[in-house]
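Asker: The lines below spell out each chain.
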Amino acid sequence: SAVISQKPSRDICQRGTSLTIQCQVDSQVTMMFWYRQQPGQSLTLIATANQGSEATYESGFVIDKFPISRPNLTFSTLTVSNMSPEDSSIYLCSVDGTGNNNEQFFGPGTRLTVL
Amino acid sequence: KNQVEQSPQSLIILEGKNCTLQCNYTVSPFSNLRWYKQDTGRGPVSLTIMTFSENTKSNGRYTATLDADTKQSSLHITASQLSDSASYICVVSGKSTFGDGTTLTVKP
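Protein chains in written order, with this note's numbering: chain A, 12 to 126; chain B, 6 to 113.
Please keep in mind that the hints were generated in silico from the structure rather than gathered at the bench. Hints may contain errors.
[What the hints assert, rightly or not] One-sided and incomplete, this derived list gives chain B residues near chain A with beta-carbon spacing under 7 Å:
1. Asp44
2. Gly48
3. Pro49
4. Leu52
5. Phe57
6. Lys76
7. Gly106
[Stated by the list, open to error] Facing chain A, a subset of chain B residues (Cβ under 10 Å, in silico):
8. Ser58
9. Thr61
10. Ser98
11. Thr108
12. Thr110
13. Val111
14. Lys112
Idealized CB from N, CA, C, for every residue including glycine.
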């Protein structure tokens, strides 16, 4: 299994500012995933972050809005830039389990409210 | 288009009762189907994982079934407890496709 922590757990931000969310995993992983969960909805993949290369973004998400860093195999950050109220969501970090059990582990999430 | 549809959207049951949640999918190619439990304000936690060849998988009071021919899955919860109140999410891979979840409320 993998234990994932995120910081901050929640934040309230002003429109136009940026917030960086940190994700720490207790083991080395190749890929880390960032998801957004808007109120009342399920998870939507924002991007996949590999160590040593640029993140791969899903349709509808761009690097200028959601820059991602992946400095090593246990850590990643997601920045939500120039925030608007529409960015109010839960942001979740996720990793695949090691081995062949097809497991996927999620962090506790960061609840963001933009005023 | 790959889709995962869950029903019902929400469900209220009394403590001790059983319930069944449904998941229909059109995801292709199929790799596995996972059920997650997401408590309010928390990240999803895995309940079961099933590959194409598996028809049923249990985890305590949770039993998932999979019919790969009809592309349907169900999650059966036995003898529900108040702590079962959560959102239950069905995820189908190839590329992980998430259902919108079923919100379950267990009342005393």
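Asker: Taking the hints in turn, state whether each one holds.
Answerer: Hints and how they fare:
1. Asp44: At about 10 Å, which exceeds the 7 Å cut-off, the nearest Cβ of chain A leaves the hint on Asp44/B violated.
2. Gly48: At 4 Å from the nearest chain A Cβ, Gly48/B passes the 7 Å test, so the hint holds.
3. Pro49: It holds, given that the least Cβ distance between Pro49/B and chain A is near 5 Å, below 7 Å.
4. Leu52: violated (11 Å)
5. Phe57: Constraint on Phe57/B not satisfied, violated at 11 Å.
6. Lys76: For Lys76/B, the interface hint is violated, since the closest Cβ of chain A sits about 18 Å away, which is over 7 Å.
7. Gly106: It holds, given that the least Cβ distance between Gly106/B and chain A is near 5 Å, below 7 Å.
8. Ser58: violated (13 Å)
9. Thr61: Nearest chain A Cβ about 16 Å off; hint violated.
10. Ser98: holds (7 Å)
11. Thr108: Given a least distance of 9 Å, the restraint on Thr108/B holds.
12. Thr110: Since the shortest Cβ distance to chain A is 15 Å, the answer is violated.
13. Val111: violated (20 Å)
14. Lys112: The hint is violated - Lys112/B has no Cβ within 10 Å of chain A, the shortest such distance being about 21 Å.
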